[in-house]
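Peer 1: Residue strings, one per chain:
Number of protein chains: 2
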Amino acid sequence: MQQTVETVSADQFKRAFRNHPAGVAVVSASVDGDRAALTVSSLSSLSAEPPLLVFSVSDMSSSTPVVLAAKTVVVHMLDANCAWLAKLGAERGADRFSDANRWAIFPEGEPFFVDAPVVIRARVVDHVRAGSSTLCIVEAIEIVDRDAAESDSGRPLVYHNRTWHELGPGSTLTC
Amino acid sequence: MQQTVETVSADQFKRAFRNHPAGVAVVSASVDGDRAALTVSSLSSLSAEPPLLVFSVSDMSSSTPVVLAAKTVVVHMLDANCAWLAKLGAERGADRFSDANRWAIFPEGEPFFVDAPVVIRARVVDHVRAGSSTLCIVEAIEIVDRDAAESDSGRPLVYHNRTWHELGPGSTLTC
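Those protein sequence lines, which keep their order, are chains R and L. One point on numbering: in full-length UniProt numbering, the residue at position 21 of the first sequence is 21, and numbering is uninterrupted. One point on numbering: in full-length UniProt numbering, the residue at position 86 of the second sequence is 86, and numbering is uninterrupted.
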């Protein structure tokens with residue numbers, strides 16, 4: 001039995017996308033002393049040469065104006081040990097920078113969270129408006145990759161149907 | 001111990017993104033009788049009103065020219081039961097349409113794979129070039145959502161570090 005919808009409503013669209021799992025990242029930026037950070041589930045790579053990545057930010061997030069005003073941003077890829085950071089960046093009204101032990105500042109001025117296993121400093125290349133969101137295309141200019149040097153890296157964090165998951169040996173498909 | 005890279009090489013960039021898990025989709029299209037389908041790990045929603053989604057296609061894929069020439073495309077969200085389809089759409093040179101039992105054609109002409117739990121027919125709204133890829137922004141015009149009607153839906157399929165994973169009760173984070 002199938003449910004076919006000729007005119008797609010917002011609810012139907014949201015329901016379909018709840019099925020679609022995604023990796024989790026936090027994007028931070030600073031403009032004129034205003035710091036912002038938000039959780040995104042839209043990060044993907046676009047091109048290795050040049051090293052381009054893309055994510056989208058919603059008009060609904062209070063962090064979006066700072067991210068869109070910034071010339072550089074920091075993209076944090078999160079593992080399951082950083083689920084707290086994913087939740088913090090998704091919590092409406094929460095101060096993302098209240099715990100000074102959790103973040104630092106790049107020499108160039110961008111705030112970043114020190115616990116993230118992969119931190120990418122990136123230059124904004126293009127913005128593309130689409131509906132109630134803006135796609136941000138950015139070029140990696142510096143990568144701090146703790147996973148490249150450590151063997152005890154955390155398990156990948158996945159967001160699906162409003163729940164957090166982690167990948168591990170038990171999740172591997174054997175087919 | 002951290003590995004900091006001031007100039008980001010293609011290998012370093014690829015390594016960082018191998019850490020980043022993603023949901024899996026197959027995009028199909030047909031132009032002047034040429035059919036194409038390819039697996040993407042870049043699908044995300046952009047906006048519910050209007051219902052916009054985005055994915056990227058690489059210049060490296062032989063299916064890309066057809067997808068970029070099409071005015072409408074079909075986006076299939078895949079579960080673990082469709083890992084075979086994810087592999088088929090990612091296999092260089094494979095005929096995606098060799099098994100006539102696996103696909104059908106919308107009245108409007110687009111080919112689609114009948115086993116996918118969620119199938120979205122969509123109108124191409126915008127293309128954005130970025131490095132060696134093209135972002136495709138599309139608007140959903142029809143959703144066939146089998147998961148909305150069935151209780152025995154498959155487990156979500158995730159791609160990570162060149163391995164397929166499925167989400168389930170064992171992958172849920174309890175923190």
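Because the hints were derived from the structure by calculation, they are not lab data. Glycine is no exception: its CB is placed at the ideal position from the N, C-alpha and C atoms. Where hints are given, some of them may not hold.
[Unchecked claim] In silico PhoX-like links for lysine-lysine, alpha-carbon gap of 25 Å or less:
id, chain 1, residue 1, chain 2, residue 2
1, L, K14, L, K87
2, R, K14, L, K71
3, L, K14, R, K71
[What the hints assert, rightly or not] Here are the simulated distance ranges between beta carbons:
id, chain 1, residue 1, chain 2, residue 2, range
4, L, G33, R, V114, 25 to 31 Å
5, L, D95, R, H127, 48 to 54 Å
6, L, R102, R, G109, 49 to 55 Å
7, L, W84, R, G168, 22 to 28 Å
8, L, S98, R, G109, 51 to 57 Å
9, L, T174, R, E91, 40 to 46 Å
10, L, D59, R, G168, 32 to 38 Å
11, R, N161, L, E49, 19 to 25 Å
Peer 1: For each hint, tell me whether it holds in the structure or not.
Peer 2: To see whether the hints hold, each was checked on the structure:
The suggested pairing of L/K14 with L/K87 holds, with an alpha-carbon distance near 20 Å, which does not exceed 25 Å. The straight-line distance between the Cα atoms of R/K14 and L/K71 is roughly 23 Å, inside the 25 Å bound, and the hint therefore holds. Taking the CA atoms of L/K14 and R/K71, the gap is near 23 Å; set against the 25 Å cutoff, the hint holds. Between L/G33 and R/V114, the C-beta spacing of about 55 Å breaks the proposed range 25 to 31 Å.
Separated by about 39 Å at the C-beta atoms, L/D95 and R/H127 break the suggested range of 48 to 54 Å. Separation of L/R102 from R/G109 is about 53 Å and conforms to the stated range, judged on CB atoms against 49 to 55 Å. About 23 Å separates the C-beta atoms of L/W84 and R/G168, a value consistent with the hinted range of 22 to 28 Å. Here the CB-CB span from L/S98 to R/G109 is close to 55 Å, well matched to the stated 51 to 57 Å.
Taking the beta carbon of each, L/T174 and R/E91 are about 19 Å apart, not inside 40 to 46 Å as hinted. Distance hint for L/D59 and R/G168: a CB-CB separation of about 34 Å, consistent with the stated range 32 to 38 Å. Distance hint check: the CB atoms of R/N161 and L/E49 are about 21 Å apart, consistent with the given range 19 to 25 Å.
Hint check: violations occur at hints 4, 5, 9; the rest are consistent with the structure.
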